[in-house]
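Protein chains in written order, with the numbering used here: chain X, 20 to 100; chain G, 39 to 1015; chain L, 54 to 477.
Note that these hints are calculated values from the structure, not bench results. The reader is advised that the hints may include incorrect statements.
[Stated by the list, open to error] Selected chain G positions facing chain L (Cβ under 7 Å, derived; list incomplete):
no., residue
1, 174
2, 296
3, 616
4, 629
5, 638
6, 711
7, 714
8, 716
9, 772
10, 773
Virtual Cβ for every residue (Gly too), placed ideally from N, Cα, C.
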Amino acid sequence: MTRLICPFCGPRHLREFEFHKTVAAEGGSAFARVYERVDSAELSIEHWQHVGGCRGWLLVRRNPSTGAVTDCQLVGGGEPA
Amino acid sequence: MSAPTRRGSRVREETVRFTFDGREYLGQRGDTAASALLAAGVRRFGRSVKYRRLRGVLTASAEEPNALLTVGRTPAVIPNVVAPQLEIVEGLELRSQNRWPSLDLDVASLLQAGGGFFGAGFYYKTFIWPSWRTYESMIRSLAGLGEAPRASELGEVAVEHLHCDVLVAGAGPAGLAAARAAARAGARVVLCERDPACGGELEFETGRIDGREARDWVGSVLAELKSLGVRVLTGTTLVAASGGEMIAHAEPGGLPGRNTMHKIVPRTLVVAMGAVERPIAFTANDLPGVMLLGAAERYLACYGARAAASAVIFANHDRAYPAALRLADGGIRIAALVDTRAEPEIGVPAARDALRLAGVRCLAAHAVLAAHGGRQVSGATIAPLADPARPMTIACDAILVSGGWSPALHAGVQEGGQREFDPLAGGFVARAQPEWRFVAGAANGALELGAVLVDAHAAGERAARRAGASGSAGRAPAGEGDAAPGWRPFWRSPAPRADEKRQFIDWQNDVTVADIRQSLAEGFRDIEHLKRYTALGFGGDQGRLGGLLGAAVLAELRGEPLAEVGTSRLRPPFHPVTMRSLAGLRAGAALRPARCTPLHAWHESHGAVLESMGLWMRPRYYRANGVDSFAAGIAEARRVRESGGIADGSTLGKIEVAGPEAAAFLDAMYLTRASTIKPGRAKYMVNLREDGLVLDDGLVLRVADDRFIATTSSGHGLHMLSHFEHYRDAEWGGRGVTLTDVTEAWAAIVVAGPRSRDALGAVLGAPWQVPLAALRHMDFARGSYAGHDLTVLRASFSGELAFELHCRPAIALALWEALIAAGLPPYGLEALDILRVEKGYLTTAEINGQTTPYDLGMESLVKLGNPCVGRELLGREAFHEPSRPRLVGLRAADGRGRFLAGAQLVVPDAPSRPLGHVTSTVYSPALGEWIGLALVARSHAADGTPLLARDPVRDGDVTVRVVPTVHFDPSAERMKA
Amino acid sequence: MSIATPRYSAWSLLRARFAGDGYWRPLWTGRRLQSSYDVVVVGAGGHGLATAYHLARDHGLRVAVLEKRLVGYGNVGRNTTIVRSNYLLPENHYFYEDSLRRWETLSRDLNYNVMYSPRGVVDLALSDDDLAGMARRGNAMRLAGIDCELLDLGALERFCPELEPRRERRFPIVGALVQRRGGTVRHDAVAWGYARAASALGVDIIEDCEVTGVHSTGSVATGVETSRGRVRAERILFATAGHTGLIGRMLGVPLPVETHLLQAMVSEPIKPFLHTVVVYVFPGHGETYICQSDRGGLVMGGHLDGFPSYTREGRWDRLEEVVEGAVELFPSVGGVRILRQWAGTNDMTMDGSPIIDRLRYDNVYVNAGWCYGGFKAIPASGAACATLVATGTAPDLIRGFRLSRFATGHLLDERGGGPFPVRL
């Protein structure tokens, strides 16, 4: 997989980031949010944290079959200050 | 024994002494073990692992499958060192491998003389009765290559991080041209080369580039690269690519010792790693004396070492002719040049004529059928391909073979990228690549020097452009070297079926044509299956030598085109990497740097026995207080209850939660409300994981309306911070709360015991008398000590009157020493644990990720609470069944027995059905007996229930009874004092 | 009709030397895909093949195994070959113990040497808390009649002197939990042995045949759509570890599964010196398990790569972390070289335990969620899963592995990590 581009810190090596979970579609029950994961070979939507950098929480879209990152932004859609 | 000094591009005159199998040899500075031994006439370097066949050196490269040596003396040996890479130094001790008692006389080779019997699949079909275990140790005694080192004297490994525009891998003609083009265009370039010298095949190939000798051109390019600021890393192999980072490994001299791991982040990569010459399968093609043609050339040109006195050359391309001329020029008699191609396919008539003039027999449409000789080559059996039944034998002491070249694409195509079989090049070459990677030269299918240079120059320029450079790369170098090979497929010589078991494909794993035939017969048609069934390509070269040959033989036997059969997928690393290099900086104490509290030095110098708690180092007990942890822990705990003591609590996690929404945010993070805490008060709080199980507990201090300090268990601080941050950003909307880890901003000293308030008052002095006296349980006061911030919180984890001092690290030591001077001695984790179990307080033994708040007796907290993380899933039915555990206290039924954490709890009439387990136990000095906490099924959690604590892995069984969790001072009189 | 392979023995090897071509037969035969079966098993990995073998042997059913790529190309041939039953929770330890007992006789049952090597599995304890946790687990096993011992330093030194347990280390070793019957099994041989045995019982093993959908009438599945056309089936089992989430999507059932990468690596062969399996978990995200194969290579693994992936390309920094632990344990092998790294895709469930249950249709089953522990489960999983598929009722051994446990809270969370496969 390629590097992640943190909205605050720019392109950084993967080792600076920690993956947390894949995220399901909006809504759904508490059970679904905790337990049901969207496991797709083409598009994985995930929460990561830049623990070795700004500690920002990131919403990452990746292709888990190629490792290509298609999008990386702050969760909640905020802009870097 | 003084041989004339050899001349070669890599050797100097200086003599170097070394030993091989106990015998002393002389080499020259710059020699490899292979070149020096070859020059000394040594042909036999070791034995193969499976059939124990004698083996010589096959290559002059890192792919060498045979000549692997053990360096040094037992126990600190280094096994499997690649002889063609190992630079000899004075006094080096080398040993051959896989032989006992000696290389020429090996007992196991007699046992395995039944060749073929041990073919593919042998082990799966036998040793079934009575069991594999019966035979395993005998089989293991024959396994492995070199001796296992049982000591090590390796030094530190350097790790270097580099950033550049263009990384060029390989410094043969392609790499040099690409690096120069990129550097001229203005890119910052790093060039890495596996060999200790640059030039690749130009080290021996005769050619002219831009009007000068190719070898001079190499020198001039290197000088230009230097002037352009290019970093040239020789002896450095690109081994892997991962996460946009290229990993290059340097092992100077070919021996672990002064290694460096380079981690290079380039914008673009040029793969110019050339191609690996491969052998042809013929009978006994593994006899010492069979060598790759290019290797013989390299030994001659670089080291002045003659691999043979008289050689037969066996090839299927035009390159063999100029090579034969050069070898003859260097003093090797060429007994014959055997070309599998028919006369009209030979594209170098001039070279051929020159050879003939020199008296060399040039045989077209012929093949070497077999190597002759007992312990090493003494001749070659040669026959016309049209009539293999009429062979002739030509005497020689070496067969120099060249079956074409397999592009070295490995590391370059690990991530993405495609390859395709190129029938002209006779190998798989690169096709569509990711936009940041450029493949140049042989790996790109360029076949002769002129084409290689043009291709690589263009690749270097494109790579520089892509990396953002805009200068001119100038004109591509014009070169002319050996002709295009005119390669024609020829993979193995005709042989009777019985001889196929001596047609070797993979030397290191003793895989032969017979093995491929057999595995195909057993249904392993796919190349990946073949690899797994025969171990083809499992060696140090990963099949770069024989992989394509194996695939071609499989294709032949399947009757299908090679392109369809393909080759097995190669795995990182490109070349084996020393484990110590991989560990890099993280070894010994630096494996994980210890986290130390501001009082660490004091603990160390005052007899503390320190223990790792996660990455933290904490005092377990102080030696002065007892002979071991048990005795000292009891003494320290007793003293706290009798008078008082202090403990270092700095490892406690602390998160500052601030902002207008801080209170509401914490309400959502914890089972109970933070918003009801008054400033200056603290509260015991519990939080849940998203799935409803208890995550952690701690005290939350409200510093101001909009500011809190949330404490966490030791070692949980960072995790809890992430948990908070995730909730804030993903669910909370990210606003109105700032979260800061202040764990290390505050040292913490616990002051506990009946004398704690008085002693603390004496230490803190006048300004603190009034606030100290006013503190109720869970109150805190803020002020200063010695000019630095200090918070005094009245809270207890021991059941005693107790305070937590949160102070700036700068004053921690002064405060600690003042408290000692005031008569409060230190206590460690052992005592801390005794005190907390006596009081029924929880740690990670109970909050273990498997318990709900109900299990831990927190119903009242659940009831009080507010909507919070994890609450919604608390209603699940299983969490309310009678089999769910319940936190209880335990004592031995007879008041004397010892029972330990980890014992399983049962009732006597069902002694094999656990109802729960003991989570924590201590010997309580206050009560004079063993006490514990346990999680036991609600059905059996009533006070007084008799249970059996079963501990078959340690003490055996003890009868216990359920008691309340608070063993000592249940009305908490002491804490409220 | 199947073409039987000769019965394997030293005698057969001897005969083969004189019998010439044609003596050895394909281990399994790629018969033609029929239009209808009692059971279609999707996936020719360890679990699919073992289940097919038991369906044919124990229940007399006509079975096809449909495989997208090759027999044994997935995790059964990519793991670190460790087998053990040293689990804490009864649902797990009884199940894995059943498996371990089957491993003990599997070579004879299949007439194929899978090289079960009971060399012991050692979990190292680095603190008293570790020891207490291991005692809890060990006691639970012993009460269930499963072998295991808690070793102090002296006993550990006798059991595994090469570990030098008293050596000064960043995290000193204080003891260990050992299961002597645990050990290793030659992984590829398991796939091949089951495939051969199943084929001999008439099971059709069809490679290069991808299942793309399920046909149904109401709540009953009628067959599968494949890259080679439609196949009718009375019952369907998906045993596609590493691609379970995708099967869930195909059936429209969201599953508590994420697909993660786990890598393994092997050193060049050296003379065997390490004769057991050592598991070393240390603070700061350290984990290395290591054993030495019968070829002499040090085989190692550690944590998941840490994010969903189907690439089978392990990240390099994880390889470094695993090797760090190995060098810390055995500094003397620092000069030995790593040859190869590879990776497998693991279907990680939200409590770390497997799912064997009916899914979506009355007659569709899934055998999944093996996380990184599926290899050692194969024999027990095959037998129990066959019973489930053949009778429609889960045997007691796998009743705990039902899918509904996440909703009801009957979680099987061995390590207490919660619904996060990679949380540290």
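Hey, does the residue 629(G) contact hint survive, CB to chain L under 7 Å? Holds, about 4 Å.
Hinted contact residue 711(G) with chain L - closest CB pair below 7 Å: Constraint on residue 711(G) not satisfied, violated at 24 Å.
Cut-off 7 Å, beta-carbon criterion: hint that residue 616(G) touches chain L: Hint on residue 616(G): holds, closest Cβ of chain L at ~5 Å, below 7 Å.
Evaluation of the interface hint that places residue 773(G) against chain L, nearest CB under 7 Å: violated (26 Å)
Any CB of chain L closer than 7 Å to the CB of residue 716(G)? violated (33 Å)
Hold the hint about residue 772(G) up to the distance rule: shortest CB distance to chain L must be less than 7 Å. violated (21 Å)
Restraint outcome when residue 638(G) is required to lie within 7 Å of chain L by C-beta distance: violated (16 Å)
A closest beta-carbon separation below 7 Å is what the hint needs, so does residue 714(G) meet it against chain L? With a minimum Cβ separation of about 28 Å from chain L (threshold 7 Å), the hint on residue 714(G) is violated.
Can the hint on residue 296(G) be confirmed by a CB-to-CB distance to chain L that is less than 7 Å? violated (12 Å)
Minimum beta-carbon distance criterion (7 Å), residue 174(G) to chain L: Result: holds, 6 Å to nearest chain L Cβ.
Hint compliance for this structure: hints 2, 5, 6, 7, 8, 9, 10 are broken, all remaining hints hold.
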